[in-house]
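**Q** So you can see what is in the structure, the chains are spelled out below.
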Amino acid sequence: MNSLDQIFVTLKQWLLSYVPTDFQPVGSALLSIVAIIAVFGTAFALTTILERKGLGRIQNRPGPNRVGPCGFLQPMADAVKMLTKEDIVPYAADKVLHYLAPIVLTVPIWLAFAVLPFGRNMSAIELDASIVFFFAVGSASELAVFMAGWSSHNKYSLIGAMRGIAQMISYEVPLVLSTVPVLMLSGTLNLNEIVNAQSGFSFGVGQWNVFTPWGAAGFLLFMIAATAESNRAPFDLPEGESEIIAGFLTEYSGFKYALFFLGEYLGLFAVTGLAVTLFLGGWNAPLAFLNVVPSWLWFFAKFGALIAVFIWARGTVPRLRFDQLLNFAWKFIVPLTLVNIAVAGIWYFSSDHLAYAVRWLICAGIFLGFYELLGRFLSLKRAPRTYRYAE
Amino acid sequence: MKFNFQGAGIVRGFVETARNFLGSYYDPERLTTVEYPERKLALPENVRTVPFLVYDHDMSGLRCTACKICEQECPAACIKIIKDTVKKSDYLGKSQFQPQVFDIDIAVCMSCGICAEVCPFDSIKMDQVYELATQDRFAPLILHKEQLGKSNAYFHAIHPTDAVETDSLRDEAKRKAETKAAADAAAKAAAAVKPKPEISTTANSQSVGTSATANVEKAVAT
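Chains as they are written, first to last, in numbering that gives the first Met the number 0: chain C, 0 to 390; chain Y, 0 to 221.
With the rest of the complex left out, here is chain Y (with noise of 0.2 Å):
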């Protein structure tokens, strides 16, 4: 039943905001907001603050490959790449240059992710801390290599739907990478079978293992 006096609203608005005074001690779930540093809430996935570097297994697996795509695509210009003299084989076996030097100024950074996108070795991606307040606002904001560094099973935690594509595209990659060169080693297997019983083959002949030879040193090289 509604009472329409003059002034019920205001009322009715008195016993709603008692029941919220009262409801709130009582019953912690009214509560809107979270005590921060004790409660943190789960952020959504696709929340991302600064950007990181995937490494498989160690360290010394670390995808990237110093391509310095994403320092020139950087529009904050905050990402410094030097590339390193030694090279290391990746997890398609082939030889890739790696960076000795990445550092991340988080001060300059923006968040806009154009890193992540554009890196064709699914090495940098977004992070989700955001406790990275510092006493200097200089040198402690520079994140090195190593402080970048993270590992799959980290982007699998963050970022599960994005981790497990990535995942599955370079499982294909390997996968087709590994029957490519079974094709190439048993192509190059059979062309250096092949000239055996003719041994005065024509100039023909030649030409075609020795495509077939530089065929597959190619693939090794790309």
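This is chain C alone, in the form it adopts within the complex (with noise of 0.2 Å):
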């Protein structure tokens, strides 16, 4: 069982023995450029066919259904279809920014997966900040977003690229705020030897950090502030379809347009990677037993399982207007963010003091508490909302 565990490792191992010593670092990196490109591009494929069906199922409808077999072909019909069309650059356009963009917001995201652990001993790169990396690159999305709205020469474009600096801004805060508790608990900006403070197990059941009152809320705080990190509904006000056609993407079109889209969904990728590495155990099994099965496997299953989250999220809530927006941001995530690195400090410090039951039920008052009476305190000054037809 160890074999097929490490079988990923075992492969790159025999085929960079063919490779001369002094190119083996190199060696070693293209293979993992190589096998990650592979991984999430047909990931990609598969989460854009699989959304539009989970959606369709979400308002009762089937889905695309017709290209190949209950209509798996359909990425690559789209994929025709988009490198088919024609790519129109606007005559007033800043032709060198426009086509840089889709290449800016792209290729930093692919280096963030680097540092994530798919599996034991499975990370690209060995970093000791892997996390201060990856936020680091994550960033650069906001520059590309930027450019992109600019050049465009549309005053659409500059609008939704205002939002779009003005929302990831204001979410990078408690995004990173979010992780602090775990980083505060385990020791580390190692993201290895955070999955490794994980992968005990009490009572059979995993010691994730997701089960503890800070872990909990702080995965749910951060899963939050991914999905405005990453642009997807009900924060997708940078496209805001409705309000202003596309947003930045408005003058983009054929293989450009796609590019950006796969730059949106490789970011929701590479900020879902690090939810399961901070949070939800990494690669480590959620029961004892359950150990036999390939580590890689249970981080493409946590992964997935996040990415139907998100899809759900998107098919439930609508889309913010752009102060509630911000001040959800502000107002809400932020101050609770704060709490729960309180709480993780509370938690630390209790644990040659309290039981452990009575500890978690504490943290979680706490953590709660602060919740309920933030969100009665900022809905004080809103009268009910009276729904004048629909009621």
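These are calculated hints, taken from the structure and not from any lab test. Here a beta-carbon is modelled for each residue, glycine too, at the ideal position from N, C-alpha and C. Honestly, I wouldn't trust all of these hints.
[Unchecked claim] Listed next, the stretches of chain C that the computed footprint assigns to chain Y, with coverage defined by at least 3 CB atoms under 8 Å from CB atoms of chain Y: (1) 84-96; (2) 305-318.
[Stated by the list, open to error] Quick partial rundown of chain Y residues pointing at chain C, CB under 8 Å, derived from the structure: (3) G12; (4) F13; (5) N19; (6) F20; (7) T32.
[To be verified] Beyond 12 Å from chain C on every Cβ pair, some chain Y residues (computed): (8) A132; (9) P159; (10) A162.
Take each chain as given, in its own frame, and dock them per the hints.
**A** Shown next, in the form of structure tokens:
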């Protein structure tokens, strides 16, 4: 079973044994790049079709089912359509920036995958501060959005880009703050170490961060911030089809448009992978006896489940207004992440004095009480909403 | 019982969409859409697409008399009619013109139905066919007399109310025409019989007889 767990690591080492010693670091990096692009490229294609089918079912319709068996060749048809479309660049556009924006969006996101541990001994590069690296390259997407909006020379593009910048910077703060408790409790910035810290079992159940009060709260806050950070519904204001055509994508067509889509989905995959790593125990099995299943399979099972949650949220929650979006970030999510850091501190220092259940209840109570009070306080000034025609 | 913690509405929304997602798999009744080429919904009676020509029994019974009213009234000018030189008799037994050419360019037709409204012969009616796409955008979209002609039974099938009403009106007209023809024939016979006893009639009585004959001829002509 261990051989199946390490099958990709052994495969890589076997392939590298044919490479001269001097070129082995380069060869190792190239092999990892090929593997990551192949796996997440496929995941992108698969997610687009599954998302469309899932949203269809949520809206009580079958979804795409014409191309290939059950419609699963739809991504191929989409790709052919995108590639054969005319690539239009507006006359007044800043040609260089317009050309560079999709590249600047996509390339740094591929870099973020380099530090994620996809299985036991399966991260492309080993960095001591890998989470810092992750957030550093992830923030390049803001630049790409602004480049796209500015270079298009179109007011809708610019409005979309301004919204994108405001939203992504606002949600970058809770995204990073919600990871802080994990870093505090595991005492490291290395994602591999963070996974190892969650690898124990108590009563046969994995010691994942999400099973602690600060972990569960941090996980939810992280997921909300990640949805906003990857510009997905209900936080898809930068695109806002009903208001500003397609936002910063308005003047893009053909393959550049497809690259933007690829970039957005890869951004989603990267933060989902990080959520799995930080809160859901990474590649660890949930129950002790399930350890026989290969670690990379566990990672991708959790990954797929979280993607399904994102799709579910997209099919459920309507788009926010922009003031609601920013109020939600600064008045609600950010204070909650700060409280969560305090709760994590209480959890850490009470470990020697209190029983596990008592500690759990106290920490959960503090967070939930603050959540409820803050929510009530923020909705104090609002009159109860009346629906004149709907009720 | 309704839990009213902060964010309860969002949780309820998630439950609702999850119910839709699962429900659409085991309960096909939930699906609001129809998979079109395999399943087609029955059309409401008043649906109209392009016009067609009604005939009784077969194509020789085409009701159209090439009067060209529809051609003149068509706002899109998509109807082209050329009168045939040969006449034929209609259901009332009258001699009528018939179209040699009756073409409708359905690429131009805008489905307004004015042609069907103005037709005094209940000949042109609105069809319900909607799969009219062709590979070529010119010739196949011009429908000729042979393609346009459809039976009265088809008319009954697609517009039952209108067809029944039309048929009753036509039956009424036919019955009236028959009684009138019979009455006229009787009058003619009477006129023919009446002068017999008085062979040396006056000019007055003869003129009555000729006028009666003229009436009959007039009725046949109209």
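**Q** Look at each hint and say if it fits the structure.
**A** Quick rundown of the hints versus the structure:
Restraint check on the region 84-96 of chain C versus chain Y: 0 residues with Cβ-Cβ distances below 8 Å, three needed, restraint violated. A stretch counts as covered by a chain when three or more of its residues have a beta carbon under 8 Å from one of that chain; for the region 305-318 of chain C and chain Y the count is 5, and the coverage holds. At about 5 Å, the closest approach between the beta carbon of G12/Y and any beta carbon in chain C falls short of 8 Å, and the interface hint on this residue holds. With 8 Å as the threshold, the beta carbon of F13/Y comes within range of chain C, its nearest partner Cβ sitting at about 5 Å, so the hint holds.
With a least beta-carbon distance of about 5 Å to chain C, the hint placing N19/Y at the interface is held under the 8 Å criterion. Given hint, F20/Y at the interface with chain C, holds; its Cβ is 5 Å from that chain's nearest Cβ, closer than 8 Å. The closest approach between the C-beta of T32/Y and any C-beta of chain C is roughly 4 Å, which is under the 8 Å cut-off, so the hint is satisfied. Listed as outside the interface, A132/Y is consistent with that label: its C-beta sits roughly 17 Å from the nearest C-beta of chain C, beyond the 12 Å cut-off.
Listed as a non-interface residue, P159/Y keeps its Cβ farther than 12 Å from every Cβ of chain C; the least gap is roughly 32 Å. Under the 12 Å C-beta cut-off, the non-interface status given to A162/Y relative to chain C holds; the minimum distance is some 36 Å.
Hint 1 from the earlier list is the only one contradicted by this structure; the remaining hints agree with it.
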